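*Asks:* Those protein sequences? They're chains A and B, same order as listed. So for the first sequence, this note's numbering puts the first residue at 1; every next one is plus one. So for the second sequence, this note's numbering puts the first residue at 1; every next one is plus one.
A portion of the hints provided could be inaccurate.
Computed footprint of chain A on chain B, listed as stretches where at least three residues anywhere in the stretch have a Cβ under 8 Å from a Cβ of chain A [as the list claims (entries may be wrong)]: (1) 19 to 29; (2) 49 to 56; (3) 105 to 112; (4) 182 to 189; (5) 316 to 325.
Because the hints were derived from the structure by calculation, they are not lab data. The structure displayed is predicted, hence computed values, not measured ones. Don't be surprised by glycine CBs; every beta carbon is placed ideally from N, CA and C.
2 protein chains.
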Amino acid sequence: MGAAAMTAAPLMAAFRTVKGFRDFFPEECAMRNYIFETWRAVSRRYGFMEYEAPVLEHTDLYRKKSGDEITAQLFCFEDKAQREVALRPEVTPSLARMATARHRDFRKPLKWFQIGSCFRYEEPQEGRTREFIQFNADILGDANEGADAELIAMAIDVMREFGIGEEDFVIRLSNRQIWTTYLAERNIDAEHTGAFLTIIDKIERAKPEDTAKKLEAIGLTLADVRAFMDGTNGDHPAFAALRENLTARGMWQFVRIDASIVRGLAYYTGTVFEVFDLKHDLRAVAGGGRYDKLCALMSDGSVDMPSAGFAMGDVVLGLLLKKTPGAQFRIMDYMAAQFGVDAYVIVADEPQRVHALAVVQVLRKANVRVEYSFGPQKVGKGFQAAEAAKARCALIFGNEYPQVAVKDLVNRQQTMVAVEDLIDNVLALVKSPKQGPLIANGGKKS
Amino acid sequence: MGAAAMTAAPLMAAFRTVKGFRDFFPEECAMRNYIFETWRAVSRRYGFMEYEAPVLEHTDLYRKKSGDEITAQLFCFEDKAQREVALRPEVTPSLARMATARHRDFRKPLKWFQIGSCFRYEEPQEGRTREFIQFNADILGDANEGADAELIAMAIDVMREFGIGEEDFVIRLSNRQIWTTYLAERNIDAEHTGAFLTIIDKIERAKPEDTAKKLEAIGLTLADVRAFMDGTNGDHPAFAALRENLTARGMWQFVRIDASIVRGLAYYTGTVFEVFDLKHDLRAVAGGGRYDKLCALMSDGSVDMPSAGFAMGDVVLGLLLKKTPGAQFRIMDYMAAQFGVDAYVIVADEPQRVHALAVVQVLRKANVRVEYSFGPQKVGKGFQAAEAAKARCALIFGNEYPQVAVKDLVNRQQTMVAVEDLIDNVLALVKSPKQGPLIANGGKKS
């Protein structure tokens, strides 16, 4: 940005997005849609069905899950009728509300996925915005560890579908019950479990002396905890079923046992896992696990549905896609398909516009993407616009009508075609292969 | 609902959606996706590019457009830092903010569309929810009436793409300038234009005596206004260009000139139109028009982009789709394709599960939708689950492995296939035609 821009008066608030919120211009929106379509494609293969919950929920829904102390990051407010409402920070509480309300209507297990915005009120930073999009996949009403394995396999397949490979990411896997057993074996009172898991959650980032002090307060030593963590690997019986299952699928090599993974959210009860990139030291791309008690909690005990799930956000994923060449090639192909039009119609002689419009309409009915100028346009400008729109061909309606000039913009050949043969001619042309992918730029000037 | 349910204690707020907000269970979500995909398909054919704006904007953005008096229906609040923010009631102000901020980066005209939630704070009623989804299509930076015609054609093609035909809906078309001219010819001061258009907007619903009184206050008579309205038809020169254009496309028969259409939103300057159903007396399905001054207003005069656009909501459209048989057939086809799985894998002998999982993974890699039970399952239950999931075939892994039983659930034939031939066999089967559309029910029990 130049000096002029730096000294310009600050923009009015109305001209800016709200802090931490994002505009999606066509290129960014196409990127977002690519991510959505990839999530959907894998979910469909796994037999999951899509649902959506409201972006605004009663604040009580989050209080119910987390206790009266609502997290400082909750984007909550009072509406005009003094209802306490919140822009959802996550979707799982809404899912539990929906699934328990109508659990009798669906076959178990429910295999549901969702894609939509979530919100948190905190300082924006790299990989953290106030509005972000999450993909949620959950299996409700199935206590079998095969469901946990299915979700981990799904997370791996989502990453691979994006072109992110074995050298790019890893699943960090643990199980909260190994710590429950650890505490029981050392006669630590169960009331310390929550505090203890919070210590473990922060153990990689906190100062060792602080961690040691906190552990001593509940009767443990850092040395013992460390030794247990170091000794916990894929041979631990807690992982036997997952190991057999994911090995059978050819996926166990993506997994690293990491006992420090406990997940921040209070509701996990068993398997917990996170998806991490291996090269760029980003935040977790995705995370999830088993939460067997949440549905009972959310329904005041009336519906018992052991469940598991994971969530993947679009922001860290987007950073990783940008940094991964194998992912970039797929994105370029997708973008080229999004932004090219098939035919650009040039009206060289205004009295022919009515004939041109009739052809535009018929081509569109045949699912051909057509652009043209809404007003008079010089032929040279028309060709420039056709090139800019990455059109496969240009159709020129001049005073030779009912003969129409068809120019193949890849082979650069122009032929005259009678209007009664025009549609077939154009359909054949736009369905023929192009020479390499086009460079798409979301309609921006080149 | 039975007597027991009626006397049950009221649900806690946390168990309900916020008033006027909607859950999308799988069937509703598939219906929503069908609407989205139809909007996208037509937009692509018309060469429009998708964008998205934040759902939360500075309240000033709407103040800027509407003046200091913020409408009572605005869903606005203060965030934790006392910022005045609002859940967007419409997308056009955000679009104008985005387009004017980066207008130099894009070729004119910008042809952009958007799909997303909007919000209003008012009493929910049929066809009106507090959260609703809008499709917005706009052409920015083009003053030609050909752009207005393109948008009307697009609205018509969207309706037809849904299977809503000529006998089901109509475009009510007008132009605000016919009233500006009318007032000028009668020497009515321009300051009365806003009040006058408000009277016309309500003329079909208000009592004639009230309308007459209001008109007299600005120096007009109801008889004269009525005579002008009745005399305004497709021959009026204000509609000549649109008539020629839409006639060329074979679409003029969808249009009815209706001078009472002025559109509530203050920013329209020329063409205005609404899409109405013809049979069910619903609210407008869509509406829009030309707004040549909005971009200049939103950029404090720095960017002049004459523009036009329309918006279509999902709620009234959804009601109309339900009531239109031709639309229902298309929905049934879409639903059948969404909810059936291709293959259901039954593990009849648990030691074979590892082999079954390997096959599940390979099939999914070939984009086959596969389901199976995550834990042990009786073979009979497996077949029931396969039928419930509308599977094309069941694969049974028993102790005959490496022979696998493949049951065609349409033709009811079962054959044994060696595992090395299994993938090709299943791929051939799931790509073969089914007998008629399946009845899809979003995973609900039948």
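*Asks:* Okay, which hints does this one fail, numbers in order?
*Replies:* Failing hints, ascending: 4 and 5.
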